[in-house]
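**Student:** The listed protein sequences derive, respectively, from chains G and C.
Heads up, the first sequence is in our numbering, so the first residue is 569 and it goes up one at a time.
Heads up, the second sequence is in our numbering, so the first residue is 5 and it goes up one at a time.
If you're looking for bench data, these hints aren't it; they were derived computationally from the structure.
Beta carbons are placed, not taken as given, at the ideal position from N, Cα and C, and that holds for glycine.
Incorrect hints may have been included.
Stated by the list, open to error - Examples of chain G residues lying across from chain C (beta carbon under 7 Å, computed): (1) Ser574; (2) Ile589; (3) Tyr599; (4) Leu646; (5) Leu678; (6) Ala679; (7) Ile820; (8) Val824.
Stated by the list, open to error - Straight line, CA to CA, 27 Å or less: simulated DSSO-like cross-link-like pairs of lysine-lysine: (9) G:Lys733 to G:Lys755; (10) C:Lys9 to G:Lys733; (11) G:Lys733 to G:Lys790; (12) G:Lys654 to C:Lys162; (13) C:Lys95 to C:Lys162; (14) C:Lys7 to G:Lys654; (15) G:Lys755 to C:Lys95; (16) G:Lys733 to C:Lys262.
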Amino acid sequence: MKNNTSRYLATPYIIWIVGFIVIPLLTIVYYGFTDRNNTFTLNNIAQILVWENYRPLYRAMILSAVCTAICFLLAFPLTMILRSLKVGRSSLIVFVFILPMWMNSLLRVLAWQTLLERKGVINGILTALHLPEQHLINTTAAVLIGMVYDFLPFMILPLFNALMKIDDNTINAAYDLGASYWQTLTKIILPLSVPGIVSGVTMVFVPALTTFAISNMLGGGKIYLIGNVIEQEFMQDSDWNEGSGLSLVLMIFVIVSMLIVNHFDDKSDMRKGGVI
Amino acid sequence: MEKLKSALSNCYLSLIVLFMYAPIATLVVLSFNSGRSRAQWSGFTTDWYVAMWADETIMAALRNTVIIAFLSAFVATVLGTLAAIAINNMKPVSKNIIMSITNVPMLNADIVTGISLMLCFIAFRISLGFHTILMAHITFNLPYVILSVMPKVRQASKETYEAALDLGATPFQAFLTVVLPELMPGVTSGFMLAFTMSLDDFIITHFTRGAGIDTISTLVYSQVRKGISPTMYALSTVIFLTVFIVLMIGNYAPEWAKKRKRTV
């Protein structure tokens, strides 16, 4: 009885996901494989091999990989220290490090623009100290700082959750059996925090790879990433077919990189619980 | 040695706090700066707050953001909760298919989700505007609701529901009085998660909004090209304070209540 009636409860949901997930995906695939006259072509996909498109993809891959690495290197010692403080998840000190995550991400990028601009805060301080002005905005470094700043909380939170799950007794047992600090770190703590690392890496790498807002606001159109290329195809050049083709390529890059990352953690279901 | 270690730890924590909060603090300070310069302090003023309050574009963006977040979280919570109950009772094959589709917006890059929705709206001649942003937000909120509610559905007992039916309740009554209270923690956390996801979204909104409608995120983005007005700093300060207060209450109110009970 229950099975029969409850099945209908999913009907509105199924209609919704077909209408707003399946059909849009088919639409973008259709655009990606056709030209303006609706005839089949692989030209849009092949556009990625063109230097102007390949270069931004390459640059985005490098930048997002570096950004993910920096986030991890900053967040891991931090979460280890937080763990050693023996405070609960809801303590004030933990709250301090999670709070920026809930602030609108564009406003946080805006803050860095204010700091780095030619007539911005940092140059203002430098001038006041009679030091020469620096060229900070519209550089790769500026984009990288913005990315790290924007996505760091998304590395901290899952790492912290994973580290808090490790039993103190496990670590003490390693020490008692004669392991050094370094051995305990690499053989016990790191392997046990893999689920957290995996979800942190995905939550930082994917948005960093596909961003166009950060590179636009802090790179001033000079640091061109694949996200910027695609955004322009739709918002300025209006070549939807080429834009769709490049989007499909980007989608494949995201899927492949996530498969590689998830390979390290077969049993992980952290992503489901790692968001809050 | 221990002392040195803890000094180093504290030093590291302070550096990260500085990195995280210095930019936000800068915005707060600049929102009270009477000059437009970002490099010079020219006196204290609250004029930018007054100007922000009077600025119809900012107020409209703020309204849109909150209304879309609330409506999209609400619709996603209703659709998602009902679906979670039904999916739990499905055969493994259909369950797997539906769950894979559910996860697509969460795993896919936002830019691809945004573009695919935009292409679809245009292909079906749906004009872009408030309603398309709302539909897009409901879509990317749904997986978060399902993933929050699903564990509670799995834990919930079927027996209590059947007992309610045996005692003469209609299925609807049984759902409201027996099933729903059991799922409520998952439903609320799903709603909250959806609400914050919607508040913070920029990329999907950017592609699915029409001309003439803004949320906070798209407004900030368009301001950046034109040159940032100090009213944006005032807005940032207001938003930061709101987030801070709401999270403090959400995090600590239950604990305070507990402590009070203990002391009484």
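**Student:** Against this structure, judge whether each hint is valid.
**Tutor:** Hints versus structure:
1. For serine 574 (chain G), the suggested interface contact is upheld, since its CB lies about 5 Å from the closest CB of chain C, less than 7 Å.
2. A least Cβ separation of about 5 Å between isoleucine 589 (chain G) and chain C falls short of the 7 Å threshold, and the interface hint therefore holds.
3. At its closest, the beta carbon of tyrosine 599 (chain G) sits 6 Å from a beta carbon of chain C; the interface hint therefore holds under the 7 Å criterion.
4. For the restraint placing leucine 646 (chain G) at the interface with chain C, the shortest Cβ-Cβ distance is roughly 6 Å, inside the 7 Å limit, so the hint holds.
5. The criterion of a C-beta within 7 Å of any C-beta in chain C is met by leucine 678 (chain G), whose closest approach is roughly 6 Å, and the hint holds.
6. About 4 Å separates the beta-carbon of alanine 679 (chain G) from the nearest beta-carbon of chain C, less than 7 Å, and the hint is met.
7. With 7 Å as the threshold, the beta carbon of isoleucine 820 (chain G) stays out of range of chain C, its nearest partner Cβ sitting at about 10 Å, so the hint is violated.
8. Given the 7 Å rule on beta carbons, the hint for valine 824 (chain G) is violated: about 12 Å separates it from the nearest Cβ of chain C.
9. For a cut-off of 27 Å, the pair hint linking lysine 733 (chain G) to lysine 755 (chain G) stands: about 16 Å separates their Cα positions.
10. In summary, the hint linking lysine 9 (chain C) to lysine 733 (chain G) is supported, as the alpha carbons are separated by about 23 Å, within the 27 Å threshold.
11. Under the criterion of a C-alpha separation no larger than 27 Å, the hint pairing lysine 733 (chain G) with lysine 790 (chain G) is inconsistent with the structure, at around 44 Å.
12. Annotation: proposed proximity of lysine 654 (chain G) to lysine 162 (chain C) is violated, straight-line Cα distance about 40 Å (limit 27 Å).
13. For a cut-off of 27 Å, the pair hint linking lysine 95 (chain C) to lysine 162 (chain C) stands: about 17 Å separates their Cα positions.
14. Distance hint between lysine 7 (chain C) and lysine 654 (chain G) is fulfilled; the C-alpha atoms sit about 17 Å from each other, no more than 27 Å.
15. Of the pairs offered as hints, the one joining lysine 755 (chain G) and lysine 95 (chain C) is violated, with about 41 Å between alpha carbons and a cut-off of 27 Å exceeded.
16. At most 27 Å may separate the alpha-carbon atoms for a hinted pair to count; lysine 733 (chain G) and lysine 262 (chain C) meet this at roughly 25 Å.
The earlier numbered hints that this structure contradicts are 7, 8, 11, 12, 15.
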